[in-house]
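Colleague: As you go down the protein sequences, you meet chains U and C in turn.
Per the numbering used here, residue 955 is the first one in the first sequence, and the count goes up by one each step.
Per the numbering used here, residue 60 is the first one in the second sequence, and the count goes up by one each step.
It is worth saying that the hints were derived from the structure and are not from the lab.
A portion of the hints provided could be inaccurate.
[Stated by the list, open to error] Heads up, simulated SDA-like pairs for lysine to any residue below, C-alpha to C-alpha not over 20 angstroms straight-line:
no., chain 1, residue 1, chain 2, residue 2
1, U, Lys1115, C, Arg91
2, U, Lys1158, U, Arg1177
3, U, Lys1158, U, Ala1170
4, U, Lys1158, U, Tyr1178
5, U, Lys1115, C, Glu87
6, U, Lys1159, U, Ile1069
7, U, Lys1158, U, Ile1179
8, U, Lys1159, U, Leu1181
9, U, Lys1158, C, Gly63
10, U, Lys1159, C, Gly63
11, U, Lys1159, C, Arg64
12, U, Lys1115, C, Tyr77
13, U, Lys1159, U, Gln1174
14, U, Lys1123, U, Ile1136
15, U, Lys1158, U, Leu1184
16, U, Lys1115, C, Leu83
17, U, Lys1158, U, Gly1173
18, U, Lys1123, U, Val1110
19, U, Lys1115, C, Leu80
20, U, Lys1158, U, Leu1073
21, U, Lys1159, U, Leu1073
22, U, Lys1159, U, Arg1177
23, U, Lys1158, U, Gly1169
24, U, Lys1158, U, Gln1075
[To be verified] Some chain U residues close to chain C (C-beta under 8 angstroms, calculated; not the full set):
no., residue
25, Phe999
26, Leu1014
27, Gly1086
28, Val1087
29, Phe1091
30, Ile1094
31, Leu1109
32, Ile1203
33, Ala1208
34, Ala1240
35, Ala1248
From a predicted model like this one, the values you see are computed outputs, not experimental measurements.
All residues carry an ideal CB built from backbone N, CA and C; glycine is no exception.
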Amino acid sequence: MTNVSSVADPSAGPVSTGPAVRVGGNPFRFISRLRLGDIIAIAPFIIFALLFLLIPTLGLVVGAFQDGSGNFTLQNIIDLGTPQILASFWISIRVSAASAILGAGIGLVIALAIIRGRLPQAIRSTVMTFSGVASNFAGIPLAFAFLATLGRLGLVTVLLKFVGFDLYKSGFNLLSFWGLTITYLYFQIPLMILIIAPAIDGLKKEWGEAAATLGATNGQFWRYIGLPVLWPNLLGTLSLLFANAFGAIATAYALTGSSLNIVPILLYAQIRGDVLHNPGLGAALALGMIVITAFANIIYLVIRTRAERWLK
Amino acid sequence: MKSGRLWSWIIFGLGAGYFLLPLLATFEFSLRIRREGYTFDAYTSVFSDGRFQASFSYSLIIGICAIIVGLLIVVPAAYYVRLRAPHLRPIIEFITLLPLIIPAIILVFGYIRMYNTSSPLPLLGTNVGTDILLTLAYVALALPYMYRAVDTGLRTIDVQTLTEAANILGANQATIIVQVIFPNIIVAVLSGAFLTLAIVIGEFTIASLLNRQVFGVYMQNVGANRAFEPAALAVISFVITWGAMGMIQLLARFAPKTARRD
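Chain U with its partners taken away, still in its complex shape (with noise of 0.2 angstroms):
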């Protein structure tokens, strides 16, 4: 998942807007220069756009608003009130914060000590590289793996059992909060090592050199220069890391079943089955999502944007 490090990276982003600049004062003018080979070359991926991406979420959205018979009505977000759901909603922000502070803040703390700690080139290059197969290991086999490790008869759980200490007794329990919080940290570590990586590496060693000239201590340097630098992309990569723990549902539903009722898991049963017995409330449910993974992105792409402006 090495490309998702382009995600973070400035030049690659929707807020570049360099480009377009260039135009002039009307950005349309390209379509009176037109030619069919164009029209063909991205008619394809404007379709598809539209058709699978797009649509299927403004028709979502759209359906939040309306009853039964199509009326517009802000009942269903209303209903969205309702104690199971507040608290689905409350249990997911909870692992998804809880995960993305816990992932950013260790994989920061790792990849610091692989990139700037004078660790061998090669330990660097393999933890890269089991990153970006640990990002892409979630899903229903991450339960598995868990499981077979922090589960009643887990290799840890045993083994602790053998030197003296009950996990279960005492209070933990794999299908919890915290059960699923470690969890995601599985693949939200690595995710954050790869996107942080290439900002450490942006922090030149002149910087530190003339900190320790003028005589900044190591503490000093981080708390003054290096910390404010990485900021940006440590918070853009906080909500990244946010948005990706809450729409996750395929490890919560494998480790847990139902038990643990985060709103991914409550929309799958409502598509199932309409267990909120309302069409609408799925809608407004769904709206919920969408309102709340795109605040995290508009909070990174703001952020990034500031970012930018220091740096010019």
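Based on these hints, arrange chain C on the given structure of chain U.
Modeller: Just chain C, lined up with the frame of chain U:
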């Protein structure tokens, strides 16, 4: 500064522990199926299961179809944007990022409402239609990675000069894309393809809600009904993911050869 290095090793060691322990534990668990000792019987049981073979080959076929369709959509668009419409780039890139913003479950929910049997385009009414919808859903999932891979490939070659040279020699636009551009970015395209395969092969949410028996859905079924086979399946999936990523790393070594410009 000596202590800094020690800390690096400690952090690396703790990280390695967290990431390797589940792999070790899963492997160990998968060998525990017989009381008398470690055996590979869980793997034998998985591989000889007809549903494993059926679901795995079905996932593979859908994955390959998604790669082909994805390339047909992405390569001409990325080429066109790079060569003739750089001002469209922010819009196109934003669209390719949408699948990262919209969770898969939202996407499939949208499809189910839009392509049901009473809609103008009732793809879900037939088996073939549902297969097509699943393929296109996977194209959407892979779009961010596929577009980026192709675009990175295009960045390393001189699209403008190659196109002009081919034009002078009398090639039309389709010929240019198929015979000039595509061979030059084949390494980038292949890494996009392997990434797509790694994502698609274990996918659960979309296929499950479209009622398709893919590998991910099979794994979920086994997980709900068996004890040791799921661990074996997890090991198998990890090896597959590792294989796909390994292929990308291997391909990256060949990339500079195509990228060289004199």
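Colleague: Please list, smallest to largest, the hint numbers that this structure does not respect.
Modeller: none
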